[in-house]
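Protein chains: 2
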Amino acid sequence: MDRVLIKNLGQFEGQDVIIKGWLYNKRSSGKLHFLQIRDGSAEVQAVVFKGDVSDEMFEAADKITQESSVEILGTVKKHDRSKLGYELSVKEVKVIGESVDYPITPKEHGVDFLMKNRHLWLRSPRQRAIMVIRNRIIKSVRDFFNNKDFMLVDAPIFTPAACEGTTNLFETDYFDQKAYLSQSGQLYMEAAAMAYGNVYCFGPTFRAEKSKTRRHLTEFWMVEPEMAFCNIEQDMDMAEEFVEYIVQQVVDHCKDELETLERDVSKLENVKRPFPRISYDEAIEILHKKGNDTPWGEDFGGDEETLISQEFDRPVMIHRYPMECKAFYMKQDEQNPKVAKCVDMIAPEGYGEIIGGGQREDNLDILLAKIKEHGLPEEAFDWYLDLRKYGSVEHAGFGLGIERTVAWVCGLHHVRETIPFARLMDRIRP
Amino acid sequence: MDRVLIKNLGQFEGQDVIIKGWLYNKRSSGKLHFLQIRDGSAEVQAVVFKGDVSDEMFEAADKITQESSVEILGTVKKHDRSKLGYELSVKEVKVIGESVDYPITPKEHGVDFLMKNRHLWLRSPRQRAIMVIRNRIIKSVRDFFNNKDFMLVDAPIFTPAACEGTTNLFETDYFDQKAYLSQSGQLYMEAAAMAYGNVYCFGPTFRAEKSKTRRHLTEFWMVEPEMAFCNIEQDMDMAEEFVEYIVQQVVDHCKDELETLERDVSKLENVKRPFPRISYDEAIEILHKKGNDTPWGEDFGGDEETLISQEFDRPVMIHRYPMECKAFYMKQDEQNPKVAKCVDMIAPEGYGEIIGGGQREDNLDILLAKIKEHGLPEEAFDWYLDLRKYGSVEHAGFGLGIERTVAWVCGLHHVRETIPFARLMDRIRP
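Protein chains in written order, with the working numbering: chain A, 1 to 430; chain B, 1 to 430.
Which copy? The list can't say, so a pair holds if one copy fits it or any two copies do.
Computed cross-link-like contacts, DSSO-like style, restricted to lysine-lysine with a CA-CA straight-line distance of at most 30 Å:
(1) LYS389 - LYS372
(2) LYS83 - LYS148
(3) LYS389 - LYS116
(4) LYS148 - LYS7
(5) LYS139 - LYS255
(6) LYS77 - LYS148
(7) LYS7 - LYS139
(8) LYS63 - LYS91
(9) LYS63 - LYS389
It is worth saying that the hints were derived from the structure and are not from the lab.
Working from the sequences, and respecting the hints, build out all of it.
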């Protein structure tokens, strides 16, 4: 008899089937043992009734330990009170791999202990819920761009020169030279946009920042679309459509998981276009009204982002920051040369910046001047400058950080739970 | 008037539209200029007739250089002989960004020159065809596993210890320790399979091999599924279904691109299940018959793979290699302890190994012995060994290299053209 996945048990009502999985919980009551079994596809309760099995097997079933792997032969029965809608009446149960002293028990554990046991912690219902939502967010990202015929163009990880200094870069010996791990695929996407119009990359990026905050990972995934013939307004249109899409996909497909995480779904259902768009100047006004005295010209930190986000019930887009806050490639606003045609999207509920982007400088002379102003080596950007020499066009894009998005959508305090194997300043194991 | 994408021109037959794009070719004949325009979505011919525009504009149109960006107002007309089925009768043409002395001309260029100008080379029809097929292959990989409810579990890039020595690993300072760039996510996927049943990871992997062959990149993308309750036979079933799917998706969706590459499509159409499955012993027999005297116990190289693949008209799976050829985690065959329950899939037409995989050792004691035998530090694998302590189950998986698959499907001699920005021993720019 072939094994049936637990999620498919409903197709076999009244029939005998074999399932294979792990015991994650158990309780007994007189002549009954209730074995809670998961196999990755779903969970089911397997009921061992003393009258249905040999005394030996009934006793053995009582001794199955947490996380032992088991094979169970049983009859599928309707069971309306359970999530699955079905349970299993056990005829035979057999342990495949025993589990002795499984370290993660239903009692409370410290975060450090759980992170050390991440390879096992992933099995718990809460972590599973986060990973299911992460999986859905990533699928939605790809579907969104595939549906719009964006071409995936993978950016390289090894890069020769630092875009903006080497301070926060991981360095490696690369045969007879040095290479740095990429912080962003953007410059490469600009080249690709000149070839294919609408493109995106989606891969891991790296930041060697010495910070232990709840928002920082050394290794995180980022998706970066880039569009030719696109200005800052169209860029914001795309960003809000994109974020609405991925959040609503989670709302539609991950009801159970959001419930497991006790997430207030109404806050997510609310994430619908149009999102508010305010200029940096307006953001400064809001801050000043609220008693935060950030002077014009300074970038915002987490505190400022939270103060601004409190004014809105959905993500807010702040555009046109002072030129000095932003990278050299940002497009100067012709209306007001002091500001850049850039945008940050701040998640609601204090989850901080999830998107950074904007229109890129497409004028060769201005770009050359900016490179000098920022003290960057011109020769490192020769190929990038080529894009302004051979058919330069208006273009724009943005980057969305997956882990911060997962933290926001799941309602998690710390990003360390948003990725299967988090890499932090003080953690590269398991 | 909004800009229309070239691929959508057919919806506007008889109407005036604006397109924006780049001029990739041009020819003139008396009173006509034929401008070949691409915008990333498709290509179209824009016809400038002397009688339709001012003399000034007619002359200016003649001077538009290769890869200049242009904005064109014109009327959409049916044109059956073109791929698109439509052409544009030009009313106005205007240069957005001039292109002076574009380096890649229709004449022949050396590969080194083209690789140095990769950021521009990507614009050429041949490179576009490869990138479209790469995009389709990657989409098919994700669709295949999503359709089967595999959970995406991203493996980390930073790893603390070397799975099998540090010789071929890129090393980086990681705050107060060393980290290595991952060669494979497999061990992490095994942990994930114990949590979620069927899982996969898909990301860049790194190999610091000092080899300049046509099959080696230092940075390449790999997809690695892992399945709980799966043996070597089921693993091979999955591998052949998977490869058939991605190849047939390309055949179905990329006809134009395969034609551009002059690929013999019949060879790809033939990639249908079942694929031949031969044991290592049978492979050795084939080699000996063909005059290759590889002794039993040695691994196969490119030459052997090519000789074996010549016997078959589709990919061939070679299973049960000698234990000593393979990594410590391979499951020993109970029927014949000299061989491992592993499998390599060799592409036809001499394109070499595209898949490596197999069943994993799930017995704690045997695995411990193998780690000792291979001289590996047991403490580095403590968490990996945990997977055999807490509910161990039969499990298997495989890894498929994207770039080798793209090379095979596209019929390319060298992998450097299969990835947008190839990283080779002597190349990390642009």
